[in-house]
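> Protein chains in written order, with this note's numbering: chain A, 1 to 116; chain V, 1 to 117.
A hint or two may mislead.
To be verified - In silico lysine to any residue, SDA-like type, Cα no more than 20 Å apart, as pairs:
#, chain 1, residue 1, chain 2, residue 2
1, V, Lys3, A, Met45
2, A, Lys41, V, Gly85
3, V, Lys3, A, Gln60
4, A, Lys41, V, Pro109
5, A, Lys41, V, Gly52
6, V, Lys3, A, Lys64
7, A, Lys20, V, Ser87
8, A, Lys66, V, Glu44
9, A, Lys41, V, Asp22
10, A, Lys41, V, Ile46
11, A, Lys14, V, Ser42
12, A, Lys41, V, Ser31
13, A, Lys41, V, Ser112
14, A, Lys41, V, Gly10
15, V, Lys3, A, Leu46
16, A, Lys20, V, Ser41
17, V, Lys3, A, Gln42
18, A, Lys64, A, Ser90
19, A, Lys41, V, Gln69
20, A, Lys41, V, Thr5
21, V, Lys3, A, Phe39
22, V, Lys3, A, Thr49
23, A, Lys55, V, Val115
24, V, Lys70, A, Ser43
25, V, Lys70, A, Tyr58
26, A, Lys41, V, Ser41
27, V, Lys3, A, Glu59
28, A, Lys41, V, Pro9
29, A, Lys66, V, Phe12
30, A, Lys41, V, Asn67
31, A, Lys41, V, Lys70
32, A, Lys66, V, Ser41
33, A, Lys41, V, Glu56
34, V, Lys70, A, Tyr103
These aren't lab readings, by the way, just hints derived from the structure by calculation. Since the model is a prediction, treat every value here as computed from it, not as a measurement.
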Amino acid sequence: GAVVSQHPSWVICKSGTSVKIECRSLDFQATTMFWYRQFPKQSLMLMATSNEGSKATYEQGVEKDKFLINHASLTLSTLTVTSAHPEDSSFYICSARDLGIHYGYTFGSGTRLTVV
Amino acid sequence: AQKITQTQPGMFVQEKEAVTLDCTYDTSDQSYGLFWYKQPSSGEMIFLIYQGSYDEQNATEGRYSLNFQKARKSANLVISASQLGDSAMYFCAMREGSETSYDKVIFGPGTSLSVIP
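Could you put together the complete structure from these sequences and hints?
Structure follows, in structure tokens:
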């Protein structure tokens, strides 16, 4: 089945630094990927839709300059959390649409970010 | 705007019993899809079952079935013969638009299910 590889699975960074999270579709081409954020004991909140070769579409309230998304190829999308602060500590997870399954949205395994 | 409601923050079920997790949704689209995902403590999202808005029959996948009541905008998940490994968070989710489009998927608040031995 379709696999989305997400790295790193966890990361600890110092406040003020930037962190990059990668999502790769391994056996299918993902024109569109989705980035979610999940705080403890809460639901997944959609942050942005990442489109290959074009600018990402951000949800209302998400700072596009803080959460930089790049989707340079059909198999790779990256989320960079710039100038991270403790309040950015969260679980970030990506999802890609696999048209090989007519209703298929494949998720990465998630990245747990801790900003200290 | 779409909205998904899961009114049960937490549920307990005895092992081997059946349990129903509630989900109601709100959309003005005629074409949409409904999902249920399981999220164990590891964080991975495990796809359980899907129901398209035009599907006439309720979806089933092994021990999972979806009780789809379109007029009531309800898509409850039924888990039969609960197992200890079913203890996890369960999210109802909805996609608006056609099944060949790239529409985003929005999640409900989730229900924490605990299976008691």
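> Hint by hint, say whether it matches the structure.
Hints, one by one, checked against the model:
With a C-alpha separation of about 12 Å, the suggested pairing of lysine 3/V with methionine 45/A holds against the 20 Å cut-off. Pair hint lysine 41/A plus glycine 85/V holds up; C-alpha atoms about 19 Å apart against a cutoff of 20 Å. For the suggested pair lysine 3/V and glutamine 60/A, the alpha carbons sit about 15 Å apart, so the restraint of at most 20 Å is met. For the given pair, lysine 41/A sits about 9 Å from proline 109/V by alpha-carbon distance, which is consistent with the 20 Å threshold.
Among the hinted pairs, lysine 41/A with glycine 52/V is inconsistent with the structure: their alpha-carbon atoms are about 28 Å apart, more than 20 Å. Proposed proximity of lysine 3/V and lysine 64/A is contradicted: the alpha carbons are some 24 Å apart, above 20 Å. Of the pairs offered as hints, the one joining lysine 20/A and serine 87/V is violated, with about 32 Å between alpha carbons and a cut-off of 20 Å exceeded. Simply put, lysine 66/A and glutamate 44/V have alpha-carbon atoms about 25 Å apart, too far for the 20 Å limit, and the pair is violated.
The straight-line distance between the Cα atoms of lysine 41/A and aspartate 22/V is roughly 18 Å, inside the 20 Å bound, and the hint therefore holds. Using a Cα cut-off of 20 Å, the hinted pair lysine 41/A and isoleucine 46/V holds, with the two alpha carbons roughly 17 Å apart. A threshold of 20 Å between alpha carbons decides the hint, and for lysine 14/A with serine 42/V the separation of about 24 Å lies outside it, so the pair is violated. Among the hinted pairs, lysine 41/A with serine 31/V is inconsistent with the structure: their alpha-carbon atoms are about 31 Å apart, more than 20 Å.
A C-alpha spacing of about 9 Å is found between lysine 41/A and serine 112/V, which places the hinted pair at or below 20 Å, so the restraint holds. Distance restraint check for lysine 41/A and glycine 10/V: the Cα-Cα separation of roughly 11 Å lies within the 20 Å cut-off, and the hinted pair is therefore satisfied. A threshold of 20 Å between alpha carbons decides the hint, and for lysine 3/V with leucine 46/A the separation of about 13 Å falls inside it, so the pair holds. A threshold of 20 Å between alpha carbons decides the hint, and for lysine 20/A with serine 41/V the separation of about 24 Å lies outside it, so the pair is violated.
Under the criterion of a C-alpha separation no larger than 20 Å, the hint pairing lysine 3/V with glutamine 42/A is consistent with the structure, at around 15 Å. Taken as a hint, the lysine 64/A and serine 90/A pair is honoured in the structure, with Cα atoms around 17 Å apart against an allowance of 20 Å. With a C-alpha separation of about 28 Å, the suggested pairing of lysine 41/A with glutamine 69/V is violated against the 20 Å cut-off. A threshold of 20 Å between alpha carbons decides the hint, and for lysine 41/A with threonine 5/V the separation of about 16 Å falls inside it, so the pair holds.
Restraint check for lysine 3/V and phenylalanine 39/A: satisfied, since their Cα atoms lie roughly 19 Å apart, inside the 20 Å limit. Pair hint lysine 3/V plus threonine 49/A holds up; C-alpha atoms about 18 Å apart against a cutoff of 20 Å. Taking the CA atoms of lysine 55/A and valine 115/V, the gap is near 44 Å; set against the 20 Å cutoff, the hint is violated. Among the hinted pairs, lysine 70/V with serine 43/A is inconsistent with the structure: their alpha-carbon atoms are about 24 Å apart, more than 20 Å.
With a CA separation close to 30 Å, the supplied pair lysine 70/V and tyrosine 58/A exceeds the 20 Å bound. Proximity of lysine 41/A to serine 41/V is assessed by CA-CA distance (about 10 Å); at most 20 Å being required, the pair is judged to hold. The hinted pair formed by lysine 3/V and glutamate 59/A meets the criterion: a straight-line CA distance of about 15 Å does not exceed 20 Å. With a CA separation close to 10 Å, the supplied pair lysine 41/A and proline 9/V stays within the 20 Å bound.
Using a Cα cut-off of 20 Å, the hinted pair lysine 66/A and phenylalanine 12/V is violated, with the two alpha carbons roughly 40 Å apart. As the CA atoms of lysine 41/A and asparagine 67/V are separated by approximately 26 Å, the hinted pair breaks the 20 Å bound. Among the hinted pairs, lysine 41/A with lysine 70/V is inconsistent with the structure: their alpha-carbon atoms are about 29 Å apart, more than 20 Å. With a CA separation close to 28 Å, the supplied pair lysine 66/A and serine 41/V exceeds the 20 Å bound.
Only pairs whose Cα atoms come within 20 Å are accepted, and lysine 41/A paired with glutamate 56/V is rejected, the gap being roughly 34 Å. A C-alpha spacing of about 18 Å is found between lysine 70/V and tyrosine 103/A, which places the hinted pair at or below 20 Å, so the restraint holds.
Violated hints for the displayed structure, listed by number in ascending order: 5, 6, 7, 8, 11, 12, 16, 19, 23, 24, 25, 29, 30, 31, 32 and 33.
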